[in-house]
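Since chain B is already given, all that's left is putting chain U on it; use the hints.
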Amino acid sequence: MALSIRHLLGLDGVSREDITQILDTADSFHEVLEREIPVVPTLRGKTVVNLFYESSTRTRISFELAEKRLSASPVNFSVSTSSVSKGESLHDTIKNIEAMKIDMVVVRHGAAGVPYFLTQCTNAVIVNAGDGLHEHPTQALLDMMTIRRKVGRLEGLKVAIVGDIFHSRVARSNAWGMKTMGMKVVLCGPPTLLPQHPESLGVPVTDNLGEALDGADVVMLLRLQLERQSSGTFPSIREYRERFGLDLEKLSTLSKNVLIMHPGPINRGIELASNVADGPHSVILEQVTNGVAVRMAVLYLLGGGENA
Amino acid sequence: MLKKPNGATIYPIDNSNPAGSLVIKGGRVIDPANRIDDTLVVAVKDGRIASVSRDVPKEFDKAKVIDAKGRWVVPGLMDMHVHLREPGREDKETIETGTQAAAAGGFTALACMPNTNPVLDEESKIRYVIQRSEGCTSRVFPIGAITKGSEGEELAPMGEMVRVGARAVSDDGKAVAKSNIMRNALNYSKSFNIPVICHCEDMVLSQKGHMNEGVVSTRMGVRGIPAIAEEIGVARDLLLAEYTGARIHIAHVSTAGSVRMIREAKKRGVKVTAETCPHYFTLIDADIGMYDTNKKMNPPLGTANDRQAVIEGLCDGTIDVIASDHAPHVSEEKDVEFDAASFGVAGLETSLGVVLTYLADKNLLMPADVVLKMSCNPNKILGVPGGTLSIGTAADITIVDPKAEWKVESQHFFSKARNTAFEGFPLKGFACCTILDGRVVFERTN
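Protein chains in written order, with the working numbering: chain B, 396 to 703; chain U, 545 to 990.
Just chain B, same shape as in the assembly (with noise of 0.2 Å):
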């Protein structure tokens, strides 16, 4: 069965049907992982394009893998070695790509709305791998993966996704994709890092995090960027590790059964403390090996490969 979608631009949008294939499918390929020799033919002879305007380590190397494992022909371009630097247009450098004879291009963007534009430039099947303050529905889909893998199901749990929610594509395509699959998110952070008009996402937003983690199955933390302390968003570390950061006393108070959850790189000690990051209820490592799987499932689906 094919997905109803074309392109992965964001979770926006994307119907309970969609998603529950991808992650159906994903768990099947997360089988092929734990193989002696994890890969499948399945892409064999598709080419797929890293399109990266943004530095990015782990999502990079893991749709690189995830191409690789379905046997399909990753090409890597990023700013810094591109003729980006010598001013080219996005415009004339997908067309320049395209004119290669690719099949899909997976895209991180400094600018919002970026995977649609190139789909309005080229024929190639787009996937978003980040999108200015948009989405980056991949982190998503691997995060509900991670979720569902371990509970069972997702209908029903709470998640409370803590920090710098204003500039976190990673919560809106949570807030997106989640609240499609009948799961309950708050989203909770200093007003400054939070949005001004937040009605649009359709999740409660507070600035309270003990109203955020009450009753939470999931807790999600956010990477807090140090440089907006210079912005004046927040005045200092200490203060935000004590009203926002996760720790074992707070720990205490959640679940015993709750999932802790990072979408990488930790600042650890700040928004989450290392006895957390690495105690029982961690599924962060969990959480980068399944984003292999569900790229390759957000791959193998749009791309157009058979034989799985």
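If you're looking for bench data, these hints aren't it; they were derived computationally from the structure. Mixed in with the good hints, there may be bad ones.
[Claimed, not checked] Once the Cα atoms are required to be at most 30 Å apart in a straight line, the calculated DSS-like pairs of lysine-lysine come out as:
id: 1; chain 1: U; residue 1: Lys547; chain 2: U; residue 2: Lys602
id: 2; chain 1: U; residue 1: Lys752; chain 2: B; residue 2: Lys490
id: 3; chain 1: U; residue 1: Lys734; chain 2: U; residue 2: Lys722
id: 4; chain 1: B; residue 1: Lys490; chain 2: U; residue 2: Lys878
id: 5; chain 1: U; residue 1: Lys811; chain 2: U; residue 2: Lys906
id: 6; chain 1: U; residue 1: Lys947; chain 2: U; residue 2: Lys589
id: 7; chain 1: U; residue 1: Lys878; chain 2: B; residue 2: Lys496
id: 8; chain 1: U; residue 1: Lys608; chain 2: U; residue 2: Lys972
id: 9; chain 1: U; residue 1: Lys734; chain 2: U; residue 2: Lys718
[To be verified] Reference listing, derived: stretches of chain B covered by chain U, where coverage requires no fewer than 3 residues with Cβ under 8 Å from a Cβ of chain U:
id: 10; segment: 504–510
id: 11; segment: 527–539
id: 12; segment: 590–602
id: 13; segment: 618–630
Beta carbons are placed, not taken as given, at the ideal position from N, Cα and C, and that holds for glycine.
This is chain U only, laid out in the frame that chain B set:
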């Protein structure tokens, strides 16, 4: 003669031929300055209005006749907020193509903003624009910069610029950030009886923003410009105008808060006039849709509430003028990611059609109000003689077909630009003939 496939035709001015005589009959003559709204005959001779009368005057028996049955005959329209881009960015627009676009939009006059390269901040540059506009298909009134280079630091020589023809000053495109400099500019301007045209924006608050900050920008993940960025600027400039007693004109009003503050200031007697643009009473931030860069401008499209307030401001007279803020750009500045796209839309050739469709046809503005806001008021604010059909004045006349149905197709623009926010919009009403100094400079034929 320049003719587009849709029948729109520009007649470049040929000074070797005299203007001759002309009779416009059968039309509804709307001349609010002379309290006229009636079916009358306008006779034109030697480039001037010879008479406005019931019947064709005897001596015009053999004059060329324009049948204006079913049409409005109004004083030539003026767009007081235009970016002509010359000098510096002639690839975007020139004085020649911009004035052709003006004529095609029904405008016999326009005022051009000084944010060219170089900035129009001294006498010689004002003179350059005036010289380059001679023989063009609409009058051009240059606006000088408030500060040298529009850098917001030192006053530009207003007196010299006004002496050679500048009709106002503005640092449009950005605000004069420092309140003390703005205060000095307002005080200094009082010697010349010119308005200071205020681009109101708290640029620290708006920096990095690309659209209105609201639920739509949250959903799109685009950094927002809060409405208060404009409103803080409006509040400051109203206070400075009140304090100094200077005359200000607030450009491109787009938010409900700005309309409210201007309304209150007018009641207190502050010398303030205001303009809005067609996109602010028709479109809202949600219309940006899938990151449509042709709907990216500064100030940004607001909410439905802002749009409603702008319409109310137009209806109750708080907003005196409709100007297009014609901002031509080349395609490579718009065919890019949303954050990287230039702000601004081309507006000269859609302005009147949008006003007629969204305000006049909906009975929000009476035809005479349209003429006030697009002809009488801008002329008055800039202190120039147009905006009437008084006997003996220059025969600048726009003939409007208020019923004509058409579709915006930027490929047929006389402007070099294609960056319209109204591409494909069905509109009702346009200028079917534009007359400058008694000569037909634009006509729509089929």
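Here is how each hint holds up against the structure:
Restraint check: the Cα-Cα separation between Lys547/U and Lys602/U comes to about 34 Å, which exceeds 30 Å; the hinted pair is violated. With a C-alpha separation of about 28 Å, the suggested pairing of Lys752/U with Lys490/B holds against the 30 Å cut-off. Using a Cα cut-off of 30 Å, the hinted pair Lys734/U and Lys722/U holds, with the two alpha carbons roughly 19 Å apart. Restraint check for Lys490/B and Lys878/U: the C-alpha separation of about 17 Å stays at or below 30 Å, so the hint holds.
Proximity of Lys811/U to Lys906/U is assessed by CA-CA distance (about 28 Å); at most 30 Å being required, the pair is judged to hold. For the hint pairing Lys947/U with Lys589/U, the CA-to-CA distance comes to about 29 Å; that is within 30 Å, so the pair holds. Distance check on the hinted pair: Lys878/U and Lys496/B sit about 26 Å apart at the alpha-carbon level, within 30 Å; holds. Restraint check: the Cα-Cα separation between Lys608/U and Lys972/U comes to about 28 Å, which is no more than 30 Å; the hinted pair holds.
A hinted pair counts as satisfied when its Cα atoms are at most 30 Å apart, and Lys734/U with Lys718/U qualifies at roughly 22 Å. Coverage of the segment 504–510 of chain B by chain U holds in this model, with 6 residues showing a Cβ closer than 8 Å to a Cβ of that chain against a need of three. Remark: the segment 527–539 of chain B is confirmed as covered by chain U, as 4 of its residues place a Cβ nearer than 8 Å to a Cβ of that chain, reaching the required three. Counting residues of the segment 590–602 of chain B whose beta-carbon sits less than 8 Å from any beta-carbon of chain U gives 7, enough to reach three: the coverage restraint holds.
Under a criterion of three residues with beta carbons nearer than 8 Å to beta carbons of chain U, the stated coverage of the segment 618–630 of chain B fails, only 0 such residues being counted.
Checked against the numbered hints given earlier, this structure breaks hints 1, 13; the rest are met.
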